[in-house]
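Build the complex from these two chains, which are given one at a time in their own frames, with help from the hints.
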Amino acid sequence: MVLMVVLFSACSKNNKPVIAFYYWKTNLKFSQTEKEVLKENDVHKLYVRYFDIGLHPETQSPIPISPIHFQENTSFEIVPVVFIQNKVMLQTNLDIEDLAKKTIHLIDEINKKNKINYTEIQIDCDWTLNSKDNYLKFIEQIKKLSQKKLSATIRLHQVKYFRKTKIPNVDHGVLMFYNMGTIAPDSLNSIYSQKISANYLKSLKKYPLNLDYALPIYSWAVHIRNNKVVGLRSKLNFSELKKDKNFVQINSIFFKARQSNYKNGVYYEENDLLKIESISADDLKEMGEDLSENSAKAPKEIIFYDLDEFNLKSYEKNIFEQVISCF
Amino acid sequence: MKRIFLSKLFLVSSVTILSVYGILNACGGGDDWDFFGYNSNFTPETFADKSYSPLFLAGDIFYGVGFDTKHNSRFNENIKSDWGTYLKGVVDTTTVNYFLIGDDKPRYYSDEKNTIKNKEEITDLHVFYKNKKQNASSVKWGKKMPLKDAKVKSFVEFLYLAQKIETVSIGEDYWSYDPVVAKTFNDLQMIQSIENVYNTTADSFLKNRYWFLTMKARFYSNSKQKAIDFFNKTESSVPKNVLYYRALSYVAGINYQQKKYAVSNYLYAQVFDKCPELRIVTAYSFHPKNEADWTKSLAMAKNNKEKAALWAIHGFYKDEKQAIEKIYELDPKSEHLNYLATRLVNKQEQALNNSFQQKAEENQPVKNQTVAENKTENQSKIDKSAFDLIAKISAADNTARPYLWDLSLGYLQTLKGDYANADKSFDKAVKTLPKTELAGMQLRLLRFVNNLNKIDKLTDKNEKTILADLNWLYYELPKTYKEGEFRYQNASSWSRSYLSALYKGKSDPVMSEIFGESRYSYWNDGNAFYDNEKNLLDIKTFLAKPNKTEIEKIGAGIYSLKLKDISNFQAVQATFKNKIPEAITFMKETDSVQYYKFLGNPFNGSIKDCHDCDHAAYQKRKYTFIDFLNTVKEMQDKLAQKEDVYTNSLLLGNAFYNISHFGNGRTFYEISIVGYGSSPYSFRDSMKKMITNCDVSKTYYQKALQAATTKEQKAKCVYLIAKCERNEYYNNKYNNVTNWWSIEDDKINFIAWNGFKTLKKDYSDTQYYKDVIAECGYFNTYINQ
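Taken in order, these protein sequences are the chains called A and B. So in UniProt numbering, the last one in the first sequence is 327, and the numbering has no gaps at all. So in UniProt numbering, the last one in the second sequence is 785, and the numbering has no gaps at all.
Here chain B stands alone, though its shape is the one from the complex (with noise of 0.2 Å):
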């Protein structure tokens, strides 16, 4: 039975969403934070059933799946298994499942060569039953499993008949098109002929399955309400396994498509409760219109048991505490219970805020948070109610699961700041919870988030609560836990933050750095801390310090940035200031980058400004960054001793040009410390200041020009003179500007710098001049203009 069409329920199309792209902003940002594991420290697949997870608080519809992903293949395993057993001992289960499922994949209307033929097989081996004719299938199936064999004859026959009406359930291509809605299947011979199959057929295994290739057949017909009666009719005889409570959703459809909501929600909830498989479906089309059709549908229930059934699935994504109310007063024992819980404390979670950080207004600069203000913030957020019911729970200690009360009500009691009373809590839990890796890790995270919220100034005594558990948090799990599940992420940056807090406090911006390092930033904006030298020597040292505490280590050890990073830093540093013998110094402290080779070759000058051309040309010398700032300071001597002036001032003033934004050699400022990125912008100011002045290169040419003796060396001067002007007007006309969009389009591209004039007044005459025309398109402009 080929599966692979794709459902169009969860898909949100422009229709739904009014084809607006406000709906972007409308969500927060939604798609960014979809995946809660990054803000919570509350792992649901602890607590609850794996047939919940679509319905853990998610910002999508469903938690970790975008849509329903299994509409096609959902009972895949159930079917195949259901018959591999019906058919053990004649067929084997690769043939069994060729002929159920064949090829998963889908197909689309320019591969139709690839794909199998599992169902015209089918076809030729019910034409062989019928006329009795050998044919190609028969032929090749026959070698494979005996086709004389009753049980591999009904296989067959119900293959045939089930892919029939396929036909209208299933679609082949996401780019073909089907002029109708929906399509029906209105061969009512065929559906009569699949019922009287049913009527007369004794083996039970396939009688229940004819029941409900009838009930598909119905559904998908015209007269969808026969679906009804016969599923009334039948439904006291037939096994309450899959099959029907599958069947039991088609008479929910028709319902809802009859507009009777209250009976449609009301069966949902039922196969809601009582079939896993398709939680995720009955939460989807659950949908009561009013007010009514809930009430109505409430008083349809019999039992307390149907009752929490509809009040568990009106609690996804509806209101969680109202439905735990209901359905603890039911059925204290309930299931559902587990799954809306960890939706309640995630929802808790929501609204804290774990950046240490007050939010500002627009335009004003963001105020960091002590660690008590922080938790005055959170401290406020928590619902009382939905503290007030878990706290309620958790005493009453009559549910199926009491940890999932214990742990919930100790990490709410955590959050309010009420920490001895959440020890106790968590020792509670201890007594049931499972022996899982999960739990035992859940109760652990809590704990420790526990642990350290209670320290408002660090000691050395306090220290020690937490150090095996940071070591676990930051070492261990990354390398160790390989599963998706476990929520310690959060744990893992909150608690950088809360002691890069902590370590504020005590007036230790070094320690503070090392927990609070903005290792993520978005603008990708290098390090501001290093901006300040007496931060940048203290860092130094601590990390030199080989007598480090327990705590120094493990923040050392989480620091992204070691020695070598900063002294690779004053190296760049040191070089654009012009202070080379310092700047060899600390590159010859940075380990393999001295070594990294420059992308062209860096003492080359050229009229145009092109680093990948100067890339791709042939470099007789590969230069590396201590090499290169070698060449400098050799080049400096020389020039000291007044040793051939105007090659060294060139070159030099090349050297100095190419590792600024405008030159070749862009590599030997982009670091981790300084920044990356191709615009200017993309660097704080400091950085873009430093990578986008020119005057040392600027002033080498010029001692260049003054000692140079041809015309020809002059005209060059000038020129690469012009090129600096040119960048400094650049500079300053978009240093101010902080916003790429709110540059002045004023249209001048270009001015006439000094360096043109001069060019054009005095150099006309040499070849250089006839090269930059032919090369530098400003400078073409300006002569004919």
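Here chain A stands alone, though its shape is the one from the complex (with noise of 0.2 Å):
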């Protein structure tokens, strides 16, 4: 008890954001674990990934990947995320008015089939400063087609350089405090590192659009063959990972092959590595006091990457109250 007391009084303040997630996989049906985590923390709106837009490896046309499926019908707020690859928007000669008509027509498509009524939609891609210009332009037409209420995602560095890589034209944007490093052999954390988000944190106060605020909570395993990485292996379990006799655990974060066999349908040779990489609870508060500290305007949400049963495990049921209560 002692220890909650703590642990609250560190953040708490009132216009607490709301709680929202972001829903990541093609199913859409939710566990019993979901579900409840959804309902005590009084979740109204969920961020689903309608699907991702990407290159057709022959014809080099853009083309929708994986859309989603609905196994259950929701009482949500839906809001549909399209994931934009980048090298779509680095094609030269895209056809930014055809391809912005087709995304709103297969969102609408998908709506109306599932019979889900929607406000808003967000557009998600990593642009750079060679696709900024096409992906400004669809940003345009998405809002003009649409006539609904758009945001995006924000990449750090899109907010320390946004006189460079300039600002979509969005009713808002939301800031993706994760996918801070580089995925590597080192033992660096590539998802988080408060080292890395220091360097940008204060030009969050000059940034012109309104942001709400995305963090992790999802972990995974950075799979190294000689001091390369060979994949990321998601949703691994850490514990039973501990108890597998094929693996010894080497340090904190790196586990070690000692053969090679297959485990949840992957190949490991021997000595190949695990590196896991995680967020603690603690490391969700630094970033709710961080990211407090240094906004220009108090977040209206917090959305979290991503409401995954496996992902939920990990934490105490109170977290996601806890990290709010920062703002």
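No lab work stands behind these hints: they were computed from the structure. There could be a bad hint or two in this list.
What the hints assert, rightly or not - Derived pair list, reagent style DSSO-like, types lysine-lysine, alpha-carbon separation capped at 30 Å:
{"#": "1", "chain 1": "B", "residue 1": "Lys384", "chain 2": "A", "residue 2": "Lys228"}
{"#": "2", "chain 1": "A", "residue 1": "Lys101", "chain 2": "B", "residue 2": "Lys117"}
{"#": "3", "chain 1": "B", "residue 1": "Lys259", "chain 2": "A", "residue 2": "Lys245"}
{"#": "4", "chain 1": "A", "residue 1": "Lys235", "chain 2": "B", "residue 2": "Lys733"}
{"#": "5", "chain 1": "B", "residue 1": "Lys207", "chain 2": "A", "residue 2": "Lys35"}
{"#": "6", "chain 1": "B", "residue 1": "Lys289", "chain 2": "A", "residue 2": "Lys242"}
{"#": "7", "chain 1": "A", "residue 1": "Lys313", "chain 2": "B", "residue 2": "Lys289"}
{"#": "8", "chain 1": "A", "residue 1": "Lys102", "chain 2": "B", "residue 2": "Lys117"}
{"#": "9", "chain 1": "A", "residue 1": "Lys256", "chain 2": "B", "residue 2": "Lys260"}
{"#": "10", "chain 1": "B", "residue 1": "Lys384", "chain 2": "A", "residue 2": "Lys245"}
{"#": "11", "chain 1": "B", "residue 1": "Lys183", "chain 2": "A", "residue 2": "Lys25"}
{"#": "12", "chain 1": "A", "residue 1": "Lys16", "chain 2": "A", "residue 2": "Lys245"}
{"#": "13", "chain 1": "A", "residue 1": "Lys29", "chain 2": "B", "residue 2": "Lys224"}
{"#": "14", "chain 1": "B", "residue 1": "Lys577", "chain 2": "B", "residue 2": "Lys384"}
{"#": "15", "chain 1": "B", "residue 1": "Lys207", "chain 2": "B", "residue 2": "Lys151"}
{"#": "16", "chain 1": "A", "residue 1": "Lys263", "chain 2": "B", "residue 2": "Lys305"}
{"#": "17", "chain 1": "A", "residue 1": "Lys113", "chain 2": "B", "residue 2": "Lys164"}
{"#": "18", "chain 1": "B", "residue 1": "Lys233", "chain 2": "B", "residue 2": "Lys207"}
{"#": "19", "chain 1": "B", "residue 1": "Lys733", "chain 2": "B", "residue 2": "Lys633"}
{"#": "20", "chain 1": "A", "residue 1": "Lys245", "chain 2": "B", "residue 2": "Lys457"}
{"#": "21", "chain 1": "A", "residue 1": "Lys112", "chain 2": "B", "residue 2": "Lys80"}
{"#": "22", "chain 1": "B", "residue 1": "Lys289", "chain 2": "A", "residue 2": "Lys263"}
{"#": "23", "chain 1": "B", "residue 1": "Lys381", "chain 2": "B", "residue 2": "Lys457"}
{"#": "24", "chain 1": "A", "residue 1": "Lys245", "chain 2": "B", "residue 2": "Lys296"}
{"#": "25", "chain 1": "B", "residue 1": "Lys302", "chain 2": "A", "residue 2": "Lys263"}
{"#": "26", "chain 1": "A", "residue 1": "Lys102", "chain 2": "B", "residue 2": "Lys428"}
{"#": "27", "chain 1": "B", "residue 1": "Lys733", "chain 2": "A", "residue 2": "Lys132"}
{"#": "28", "chain 1": "A", "residue 1": "Lys102", "chain 2": "B", "residue 2": "Lys545"}
{"#": "29", "chain 1": "A", "residue 1": "Lys263", "chain 2": "B", "residue 2": "Lys326"}
{"#": "30", "chain 1": "B", "residue 1": "Lys164", "chain 2": "A", "residue 2": "Lys263"}
{"#": "31", "chain 1": "B", "residue 1": "Lys347", "chain 2": "A", "residue 2": "Lys87"}
{"#": "32", "chain 1": "A", "residue 1": "Lys149", "chain 2": "A", "residue 2": "Lys202"}
{"#": "33", "chain 1": "A", "residue 1": "Lys256", "chain 2": "B", "residue 2": "Lys384"}
{"#": "34", "chain 1": "A", "residue 1": "Lys235", "chain 2": "B", "residue 2": "Lys318"}
{"#": "35", "chain 1": "A", "residue 1": "Lys29", "chain 2": "B", "residue 2": "Lys226"}
{"#": "36", "chain 1": "B", "residue 1": "Lys381", "chain 2": "A", "residue 2": "Lys256"}
{"#": "37", "chain 1": "B", "residue 1": "Lys608", "chain 2": "A", "residue 2": "Lys132"}
{"#": "38", "chain 1": "B", "residue 1": "Lys289", "chain 2": "A", "residue 2": "Lys243"}
{"#": "39", "chain 1": "B", "residue 1": "Lys435", "chain 2": "A", "residue 2": "Lys228"}
{"#": "40", "chain 1": "B", "residue 1": "Lys577", "chain 2": "B", "residue 2": "Lys588"}
Structure below.
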């Protein structure tokens, strides 16, 4: 009890933002735990990945990838999120208006067939200087054609260097407060590092667009062979890994394959390494405090990435409450 | 049968990669290096059957294809030829293909009108058979094929049923949406009627096809178990053809869905083994969840061949070495060994450093390696156990393709520095080498790599051992070899670097540059070798030398720069140094370059620096580079005679301004040795300094100012001098900045340069002053402060 009090006093103010989640799986169906978390945190809004847009490997024309399937009826307010691969926006001959039309058409069709009403669209794209022009035009077109409220994800470097990267013409942005480092065989955490975030936080107050924040609750293991990253293994159960005789833990974050073996459908060669990258409850509170201190304006929403039973299991039930109390 | 649905199987979505931008870093720039041909001397196509080619070692999942490109068309040829044979003499091939495949192009919701109607016509024909009443399609097709023929009727009725199932197995449009995860075919009556035809028909061709159609229908139905039941009941009576293995992979898929991974993987391995068309699919679908699944699958194998098949598929982007060991033990003649061996060798190559540069720490300059250092580094990377395994198999000589093992061994011996034994291995390979062009070229290439590796110091004698091959690699192959398979590009670039390093060891900078030119420099920073004048003169002497040795001839031929390019560079340098007579001499040595025309008038001086405006403006006279230099010379001569000092000085100031980075004539300096680019950061420091310096121009403007007689003239000179001051300010501000991102945004766009102050103070009553206010934002801001 004493401990809890201390935690709460660390950050608590009024006008708390609301809790929302990203849903990033191709079939929407909630587990019991997921349902409970949504209910207990009084969640009304879900940001659901509808589809990606990538390039057809042969024709190089933009195509939607893995559209969402709703396997249950939801009473939530759904915000369709479309993830666009930057390579689409890098195309020099991109027909932007056509792509915007197709994108809205597909969102509409998904909503119509699943009887979903919507008022907002979110676009997620890690645009770069070279794709900037296409991306900004695409946003304009989506805005014009959809007549919906529009939001876009914003990366940290886009906040700091907004004069160069420009700001998409959206109603508000969502700062992705994760993916900060490089996925590498070193011992650093690529999902979050306070040190790296510090380089960017000061710029937040100068950013002209209203921002909500997206915080990570996912974890993964970086699969390393001969000092090279060979893949990311998501949803790896670490306590189970500790018991797995095929692996030996060599320090707090590294596991080594004792012998070649299959695990969760992945083949590990002898001496392969798994580096665990995860986000602790303390990390989340640290993020909350840092963001709160550096925000120009309090965020309306904190969106957690992503709603998944596997991710939820790593935290105490009241973690989301604790994080938003920082604002 | 319309088959245009894109397989979702192999497209990576953000769900599987968790939407990380870091993933690109994670793959180490994998996007750029997917094509392995550029760092390999070992062409897998030489050794393994075509059906394995997607499984060759690649940066992507599959070699040569980004994903399974044939998901909907894999069996098109097969189907066409089967039915073509069946209907021979009754229906012509075009018609058969029209009904079977139709249009292969993908369809979008927007171009409904252009689609062909083969499916609708089949339905019409089916109706015609049913109610015996003519309709548009029966009239149309009645003229082209005998509708009453039993075979034609069977064909139509089969397609009619097959197309019903296709409504669930094939999608029509990438941008359309189906609310269900997987469509199912639940017309049980229809399925039963298909099965009934299978049961009753006596025609073995049709029986086989209805058998498959029953399997397919059951596979897409809600009760998939019935597909397995049907298969088990009928399997023994069915010919073991492509249709059989397609059905078997349905069974494997259903088992996977039922989480019976061991059975599923066992079956996929058998399809992989027996059905080359499905190799890519089964390799992808094979997916043991854990070690137990894998051992159980192995236990299911009834004989050595089946076991070998399991190891063969397991070896695909898993552990090739282990797979080779096991298969070799079970069945040394197995065809699967070939593709695995190519992967193993290609994997060894992947680790090699062919750049002759040592990877440096961050912010450290790259260190060049000597040939010996490079060999030491690379020799340490060869996997000893892989080497031993290949050596053992090569010695035993009991595989289906002994030459594969001999060449592999020889190549690895080369990489390990054992050149004499490598020669022996290559000699041994010759005995079993097939007489194909590719095999011949592969042998020659590996022998060459071995021969060049033997050379630690170039001598007249050892040079001779490589000359013919160098000519072959650099001159013959690029001209004559048109197919894409043979991997000789790596040997071509590696041998250049190798020779360059040898010449560097001999302290021969010219020949080292000739072979080691970095002509694909990413940042386009020209060629810094020419910043040293001695180098420049030496290489000119070399290129002009008439009596070159054979290797010198080869080098001069592959060197991308010719004498005229170097003279051009000298002309540009001399011009920037204001040594015009020298510049004219060099420019005359440049062939056609001297006649290139400036895009704008290089003697104009505008208020605004806008090269596009200057290029678009009307130009009474177009100046070529040589005209330009001659005109500059004339003006300088006149100036020396004190003739029309104001005008000549002003025009000379403009001329030197325009050939700088800030002017309208950048094409004058944009040549290969200087570099190209619209930003000064695209150029190496020495060139950046040259093209951004406005001193010469400023001196002429100052001369003009001194000679000016009217206030308007003076105002103009003062302003043009201010432009030079402004450029100088930016040069100093940004010169030391190396990284575009780190430029401090201090919000200072301009300062009050002296010229601005003078212009405001002394010339505010001139027309030129007004023009400047109208056109120059900087100045306008300044006076409004």
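Of the numbered hints stated earlier in the document, which are not met by this structure?
4, 5, 12, 14, 19, 20, 21, 26, 28, 30 and 39
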